[in-house]
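K.L.:
In order, the protein sequences belong to chains A and B.
Per the working numbering: the first sequence ends with 484, consecutive numbering throughout.
Per the working numbering: the second sequence ends with 621, consecutive numbering throughout.
In case anyone wonders, no lab produced these hints; they're calculated from the structure.
Here the structure is a predicted model, which means the values were calculated and not measured.
There's no promise every hint is true.
[Claimed, not checked] Each pair of labels, with its calculated beta carbon distance range:
{"hint": "1", "chain 1": "B", "residue 1": "P343", "chain 2": "A", "residue 2": "D213", "range": "39 to 47 Å"}
{"hint": "2", "chain 1": "A", "residue 1": "R381", "chain 2": "B", "residue 2": "R574", "range": "29 to 37 Å"}
{"hint": "3", "chain 1": "A", "residue 1": "A269", "chain 2": "B", "residue 2": "G394", "range": "34 to 42 Å"}
{"hint": "4", "chain 1": "A", "residue 1": "S424", "chain 2": "B", "residue 2": "A524", "range": "52 to 60 Å"}
The C-beta atom is built at its ideal place from N, Cα and C for all residues, glycine as well.
The residues making up each chain are set out below.
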Amino acid sequence: MSAAPVDLSVRLGALTLANPILLASGTCGYGVELAGLLDFAAIGGIVTKTVTLRPREGNPPPRIAETPSGMLNSIGLENVGIDTFLREKLPAAAALPTKIVVSVGGHAVPDYVELARRLDPEPGVAAIELNLSCPNVSGGLDLSLSRAGSAEVVGAVRRVTTKPLIAKLTPNVTAIGDIARGAEEGGADAVSLVNTFIGMAIDVERRTPKLRTVTGGLSGPAIRPLAVAKVYAAARAVRIPVIGIGGVSSAADVIEFLLAGATAVEVGTWNYVEPGAAGTLAAGVAAYLARHDFRSPADLRGALVLPAKE
Amino acid sequence: MPTDAWPRPVSARARVLLNRPVMPGGAILRLALPAAPPFPVPAAGQFIHLRLGEFPLLRRPFSVLGFAPAAGGATLEILYAVVGRGTERIAALAPGDPVEILGPLGNGYVLGAAGPLVLVAGGRGAAPLYRLLESGEASGRELVFLFGARSREYLWELERLAGVDHRLATDDGSAGEKGTVIDLLAAELTRLARHDRARSAAPTRVFACGPEVMLRRVAATAAGFGAEAQVAVESPMGCAIGICRGCVIPRRTTAAGPWPRDGNARYATVCKEGPVFLGAEVDWDALERALDPAGAVAP
Numbered sequence: 175m176s177a178a179p180v181d182l183s184v185r186l187g188a189l190t191l192a193n194p195i196l197l198a199s200g201t202c203g204y205g206v207e208l209a210g211l212l213d214f215a216a217i218g219g220i221v222t223k224t225v226t227l228r229p230r231e232g233n234p235p236p237r238i239a240e241t242p243s244g245m246l247n248s249i250g251l252e253n254v255g256i257d258t259f260l261r262e263k264l265p266a267a268a269a270l271p272t273k274i275v276v277s278v279g280g281h282a283v284p285d286y287v288e289l290a291r292r293l294d295p296e297p298g299v300a301a302i303e304l305n306l307s308c309p310n311v312s313g314g315l316d317l318s319l320s321r322a323g324s325a326e327v328v329g330a331v332r333r334v335t336t337k338p339l340i341a342k343l344t345p346n347v348t349a350i351g352d353i354a355r356g357a358e359e360g361g362a363d364a365v366s367l368v369n370t371f372i373g374m375a376i377d378v379e380r381r382t383p384k385l386r387t388v389t390g391g392l393s394g395p396a397i398r399p400l401a402v403a404k405v406y407a408a409a410r411a412v413r414i415p416v417i418g419i420g421g422v423s424s425a426a427d428v429i430e431f432l433l434a435g436a437t438a439v440e441v442g443t444w445n446y447v448e449p450g451a452a453g454t455l456a457a458g459v460a461a462y463l464a465r466h467d468f469r470s471p472a473d474l475r476g477a478l479v480l481p482a483k484e
Numbered sequence: 323m324p325t326d327a328w329p330r331p332v333s334a335r336a337r338v339l340l341n342r343p344v345m346p347g348g349a350i351l352r353l354a355l356p357a358a359p360p361f362p363v364p365a366a367g368q369f370i371h372l373r374l375g376e377f378p379l380l381r382r383p384f385s386v387l388g389f390a391p392a393a394g395g396a397t398l399e400i401l402y403a404v405v406g407r408g409t410e411r412i413a414a415l416a417p418g419d420p421v422e423i424l425g426p427l428g429n430g431y432v433l434g435a436a437g438p439l440v441l442v443a444g445g446r447g448a449a450p451l452y453r454l455l456e457s458g459e460a461s462g463r464e465l466v467f468l469f470g471a472r473s474r475e476y477l478w479e480l481e482r483l484a485g486v487d488h489r490l491a492t493d494d495g496s497a498g499e500k501g502t503v504i505d506l507l508a509a510e511l512t513r514l515a516r517h518d519r520a521r522s523a524a525p526t527r528v529f530a531c532g533p534e535v536m537l538r539r540v541a542a543t544a545a546g547f548g549a550e551a552q553v554a555v556e557s558p559m560g561c562a563i564g565i566c567r568g569c570v571i572p573r574r575t576t577a578a579g580p581w582p583r584d585g586n587a588r589y590a591t592v593c594k595e596g597p598v599f600l601g602a603e604v605d606w607d608a609l610e611r612a613l614d615p616a617g618a619v620a621p
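In isolation and in its complexed conformation, chain B is listed as follows:
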């Protein structure tokens, strides 16, 4: 897919339609978007930058969970977890409250022409993959949805998987298999590898979103089977449009994805070059150091 085709973002004033908890510490915010300016249809993996008002100062980025045309505009859904004072403000929003959104932003998953798709969701990370199911981008493709979480109550909105081939895993065994989504992934890639011998060899793609530690293991597992992993990562952001360079993650120079790249061989902007990266493109060791700043160094 020519990725310059992502639509140019717009700024819109939205109103809260619904703010509904769906798991411990997590909720869906559904917004009504006006007809003008028309909000481009977000691809799975793209995100919006949400502004609440005077506080917090900076906007907050959220992956698009749902999008649908509606009378007089559109509706857009995000999933958020209450992790700080900014998201506490979101939790306090009531129907009718105004918010501003900028989007759709960033590069989404790139499906390619053919081949099986394995979607790997960890907890909150199901949001962009639910969007992939909803958007129809993957219709007609062989697809399996693997969803893992610590326990049953974190496997949120499973009704969105109706009619979709899926497997569940929980750390405590309260739903699906006892284990991790990585176990499910290894089993699925093993099965696909067996079947591959009997049919045309279109490559398997693994699309993942979840905690960094999970994404790293997804990338390694997929690589072990020769499958391409596309992982959606998170980072605190300033501008969300590639200007401030505040959201970067360390990258490896050895792999290039299907998305435009800006020439910095060491760091990639999550907002503009991501949030979806090839698993082989991320410098996971350096990313772990960034997330655990105990080893802070002088510039």
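Same shape as in the complex, but just chain A:
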């Protein structure tokens, strides 16, 4: 047994969480949907469903399809819009005993700036996650496809809010470390990755795509090794904290991301499988840290033992 108690708290720039477990945007609604099923006091926080300036009806169905250990989705950022969010959703979410990170999305830099302006005075908002990377919405520039683009949008938002900023990155790029550097240069407190991988599934009997929009975003345990590799690359490219996302379903999965260089994780698709599971992960992380004589999740950064050079 370790003599010193384990402290699970983690710092993401100006944002401090009680433990490294967040719920990923889009997989926990506005929090209240999970009331009675999840112990909110046992997680670090939730990231709310991405909100846009105007309400969005979302994409036509079918919107989801199951694939081996994974889920394809094309929801299309369906959401109530910032006005209704501030009036109806945020007050209820803010009353939950956990930190509320608000995810925002848009087509262009001014959208993000305006959303951040609206959220800045809200005491219930612990941080803002910039969704730079939804794969199911086209028509605007994809701000997360270039270093300069991510630096531009993060920098513009940085100038209008003092809230901690997290830039959520797409994995559908050649060099994710470059994009993460752009977010860092723009003034992000942290980067989170990965959003979903673009995927496609076909019903071979009907010879039709399983999603109405043909392609969608793949999530779930199927993508975890891909996500761990992206986190490993991003963590070596930036100094700011990295939040790992992709197929987390157990405490061991959390540890895997932390060893790869993440400071915290977001649990996504698994919330659909076991809506209370995220609330059990912190205890598992604490048990692991105690068993290995670590005192803090941060101790795992750099603790990865790499193969010796020949």
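Model the placement of chain B on the given structure of chain A, informed by the hints.
P.N.:
Chain B in isolation, oriented as in the chain A frame:
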């Protein structure tokens, strides 16, 4: 009925009591639920979200067929059809096997204060309507049960209709009338319309569950007689609690049901706003396009 009164769902570890075929490709799974946490009594039309284990990844939704308190907990029944790899796993379950269930979920049928009830079942769709008979929600109400299927062997568990006024129809005439349940519905609504003139005019409600093509015709037939249709629809689901927005169907904006609505004028979640909708609330043309994705479009 104030529909905020649906009980909050719970997550429970259940065990298989029985897994019994009742028609070609269809079987009843009966589960033993533990005493704690207490599982709320499901209303007719509500469903559970079933998890088998490591595979498949996502849970599968099933309408509640039966529910009864039992020593040390409760028993719950669903009807399932083997349609894919997930339901093949269910077919392989044996007594004693563990499964996890989340429920009861969604909005059930809303009976209203008075008036005749016409229940319209198509094949597997009898499940929630059998639950309505069993639950006692409709006791004392004038009620007729109309059950249609392609042939006799798909009219499953007819013993559940003992003592209930009912009519049967099959496509091939192997049981009941040769024809469809829509024919039965039209005849029944005609009869009720005649009787209505002679008594107080409490509205007729039609509760239906079955294939979408049947539900569409139920909605149209009921509308032609000025009756309210409540239809239970199916959709693949992710979360089943209104979060992922994966199970939506297209809705019309012109009709509002007795259930809470979330403000999206174009799409409704089957899991949270449904699975029971007013027939007039569903955009049937768009739903047909969704079920036949040959016309896939870019986002």
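K.L.:
Which of the listed hints are not met by the structure?
P.N.:
No numbers; nothing is violated.
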